[in-house]
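Residue numbers (our numbering), protein chains in the order written: chain A, 1 to 569; chain B, 1001 to 1300; chain C, 2001 to 2318.
A hint or two may mislead.
What the hints assert, rightly or not - No more than 30 Å apart at the CA atoms, straight line, and that leaves these computed lysine-lysine pairs for DSSO-like:
| no. | chain 1 | residue 1 | chain 2 | residue 2 |
| --- | --- | --- | --- | --- |
| 1 | C | Lys2049 | A | Lys40 |
| 2 | A | Lys321 | A | Lys516 |
| 3 | C | Lys2049 | A | Lys488 |
| 4 | A | Lys343 | B | Lys1070 |
| 5 | C | Lys2183 | A | Lys168 |
| 6 | C | Lys2183 | A | Lys214 |
| 7 | B | Lys1070 | A | Lys296 |
| 8 | C | Lys2183 | A | Lys203 |
| 9 | A | Lys203 | A | Lys266 |
| 10 | A | Lys321 | C | Lys2048 |
| 11 | A | Lys237 | C | Lys2183 |
| 12 | A | Lys564 | A | Lys266 |
| 13 | C | Lys2223 | A | Lys63 |
Keep in mind the hints are simulated off the structure, nothing from the lab.
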Amino acid sequence: MKPPGLRRRDATRLLLAGALLPTLARAQASRPEAPKYGGKLEIGTIYVTLSALSWDPADWAWKINHDGGMYEQLFAADLTKSKRHGGKHSFYADAWIPPEALRGELAESWRWIDPLKLEIKLRRGVMFPEKPGVMKARELVADDVVFSFNRLWASPKKTAAYFDHVRKVSAADRHTVVFDFAEFNAEWDYRFGYGYYSGIVPKEVADAGATNWKNANGSGPFLLADHTPGNSQVYAKNPNYWDKETIGGTEYKLPFVDQIVYRTIKDEATFITALRTGKLDMLETIRWQNVAELKKNAPALQWERSLAMSGTFVAMRVDQKPFDDVRVRRALNMAVNKEEMIKAYYGGNAEMFAYPQHPDYGGYFEPLSAMPDSVKELFVYDPAKAKRLLAEAGYPNGFSFKLQFTTANPDHVDMVPLLVAYLGQVGVKVEVQGMEYPSFLSAMTTRTNAPGYLMNNGHTNPMTTLRKSFVPGQVWNPSQWNDPAFSKKIDAMYAERDEGRRQALAREMVREIVDKAPYIWLPTQYIYRAWWPWVKNYGGEVRAGAVRPWPIYARIWVDQELKKRMGFA
Amino acid sequence: MAAVIPATGVAAAALPAAPRPPGFFVRLFRDKPLGAAGGVLLLFFLVVGLFAPWLAPYGYNEIAPIERLKPPSWSHWFGTDNLGRDVLSRCIHGAQLSVIIGCTAAALATVISALIGIVSGYLGGRFDLVVQRFVDAWQSFPDLIILIVVVSVIGPGMPQIIGTLALLLGIAGSRIVRSAVIGVREHMYVHSAQSIGASMPRILWRHILPNVMPPIIVLFTTRVGTVILAESGLSFLGLGVPPPAPTWGSMLSGSGRTYMFQGPWLALAPGLCLTAVVYATNVFGDALRDLLDPRMRGIK
Amino acid sequence: MGAYLARRLLALIPTLLLASIIVFVTIRLIPGDVIDLMLSQNDVAADKKSREQVMAALGLDHPMWLQYGRWIAAILFHGDLGQSLWQNTPVTELLAGRLPVTFQLGLMAMVVALSIALPIGIYSALRQDTAGDYLARSFSILLLAVPSFWLGTMVMVFPSIWWGWSPEVNYVRFLDDPLQNLKQMAIPAIVLGAGLSAITMRLTRTMMLEVLRQDYIRTAWAKGLPESLVVLRHALRNAMVPVVTLIGLQAPLLIGGAVIIEQIFVIPGMGLLLLDAVNQRDYPIITGVFLVVGVAVTFINLMVDLSYGVLDPKVRYR
């Protein structure tokens, strides 16, 4: 006879209920609060030290998306796929949106009519607000998209070849735009979709003078209200903004806050202090050296961190001796103690391998552990092997070379003596030359840079990261890499429509280029960001387009009661 | 003990001499103790700077990442920095750099001041007017601005910083020398030298220069401190002497500020050295001014 | 006096012209030109045609002498200093925004400097070579000997750790909200002024020393007038000379700005404008700033020199 007590079915039910309980409790606790409207948000953005360079996309200035909250684009990131919402994206990448997280902003839907024709249906009812002296309120229509594109492409400051893949952009009807491509380019959605210069500017603003901030007007969530160069940019809420956000099952009109202030602060000690005393509600760029102290003195801050969106390396000119020999280049990689750099120099706040591809790049990225042995050994400290390789290449007593770096980057200024010391141990003598930034940059763009060139280079996106640095004639190619076979592979990657195959091509190219070591590959550091607890509906996302934070800022709301309770004005 | 008063010339030599006026150093230590202390401090740093490689316990660039950010201890009196380098050794080598940069630039500046001031002040008239207008125009630009532009053109480096600072301070200081020269040139002995037809260079060298040495000496002394401060300001803006040169300014503005919570000694050590030297040059210069040339008081 | 003034003004013109040529040419010789900076922002390589296009758009494709001629003509006939190469904003507009900020900061700093320097200088002169004299002078010199960026950093950072308070970083124009404006400007003015006080203190002290040795002062003492009366009536009037001298010496600061203080305390002044312009190779701004600073400071110096004639009867201009 069965003993009394729980029957198996009951036990299972109880177990299930017990298992569900904590989940239920958590769900209860994490059910989002109802957002409140109003208040001000003071932001130290990721570019906190830089003022606005321009207000007009036709100036082709890289920072326009960041400052131009009033202009919107065809595509933006789908923030519901962020980590905070259970997705896997941190939205930190500076100019890339993973295809599965792409959302139509001004575009409601899009489809390929044929392999080289793209039809975009625009959202209806998106309004340009009235701007006294510039324009009356009116709807954003297909003609505006066409106008913006043509104006961009006719600008004297444009980047050559950027839209060479586009044959024509036209308006099929009031809300339909058709892109006629001359050839397929895998970056099509980036270049005039969510890219650097893709803001839709109405004709009236262009006529009044789009470079004048007082004339700027667009369909975006925030409109430029004031600009004190060198100190701040103030944005006021667009009361008739079209987008909505669903929180806790209810739909809310955006944006929530009344005003956003970008604070421009050049000095690191000052902007860290401003965060500490609540003068900044959030700060998007904090070096690791400041984290411990901030956590101690402002324990209420919320934190997030990401690997920097730029690689650090020493480029070696492969068109000169001794760096034309791959053994020499590999030897120098083994001579630098990268593990020690991570542990001691970066205090543990760095990773070994995050360039040329970034771990956030999904299928494009392969971790070091998956790489072949010849790649892995470049990241293992082995000065004995380095010396052997150098001797084999004909430099048993080492050699000397000149290294250029910029004094504008405090991390590099500190790193140079360290690198010199490591290389000195294998008999390589380094003569250093510190340069201020524009001169330093010019050395690279005029291809007169020294054989050694210590720099940071942004990833931009998973394809550009390879193209911009390893194709002859490109701007960011300090190693003067020139391999026709490699260049052909890059072209093939750009012409490939299937994403999976594209990623495979990219991965293969990364293995090849890392192995051939045109650079001394160096660890990538973590960059932190922090915000006060009254900044709500936010989880540290930074960019929802090419250097474009506005969809993120539109969704933030400020708990003014909480802020007062915590003792901040 | 009474002195014997002799009757003849031989005994005259044995006359007790009238009490001599107190020597310069006696007056310095007796009347201007603050200035004297400053002078002693300067001497100390000068000696440290000159013998730096022998005095420093470690090299200034001995990197040991394992030893990073260690607080002051018996093996490292001033602790270690973020790369594990001994801060005391770096400060000592920094003294050498300060001596080099400070004294070279100050000396050059003083020579320029003396040249312009003496020639312009002596000749007077239209030449003086024109030169002074150039000086005016030059001085209307803030020093740091000129430094920023020059360093951007040529790039950061010690020679250009020394050269530019020397030029800036030299031209500014010429005013002081010039006003001293104007005071001297009206003296009788200058007129008599002119009337017997002495050549201008001779007059300048034998009569004018010796009488304006006091302001020139004071200028030199205070300039040393000014140059050291200026280099630290340039370091803060990223335009100072590039690494791994351990100037006090770059130590203070670089890792000193970055690690000010994790390692306050990184900033305290070079900061105290810098402040001490600049303070010393100023009080010493003030004392010199008071002692050497009453006429010179009051001007920068 | 009139002839002197006329001669000084006339001598100004060739000097400024020469200075403008030097500034104009030197800036454009700086390596790393603005075209490189602009084109390198973009990830796609720029070919020769792009370079030429951008150069033409910026007006930099003409020979140097032609560019200079246009620039000078624009200034003399239209009062137009050109436009920023990056933002297309007129340089005059940028300067009009920054100059009052710098001027205000400089003025406040001088007030601070004088409030520290005058009392210390007078006291030091009256009690020459006493312990009080040494202490007072040491304090003033110590303020000078600490690098301004370090003083500024300490003032910015440490109160935030100890008391959770930091200086304002929000700039509002004085006319818009005087109280808020002063809240931000007060601390940097104090830091800047503290560093300036040493020079004035020296001047004041030695002026006082000279004055105190004068016969008429001895007479006043002999007559039995209280010290304070002697000081106030006779000596203080002569303190105006160092005040005015300070204005002359610090005129570049009033107009050109104090870059380091501006950077630390987020003050949008002329110093930062120039620093940014140099970093971006924005030639029109650089030359515009130099020109305005040069002209303004020269005028201020002229006023200072003339005022000596008023203040000190011994000085006469032939």
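Original post:
Which numbered hints turn out to be false for this structure?
Top reply: Of the numbered hints given earlier, those the structure breaks are 1, 5, 8, 9 and 13, listed in rising order.
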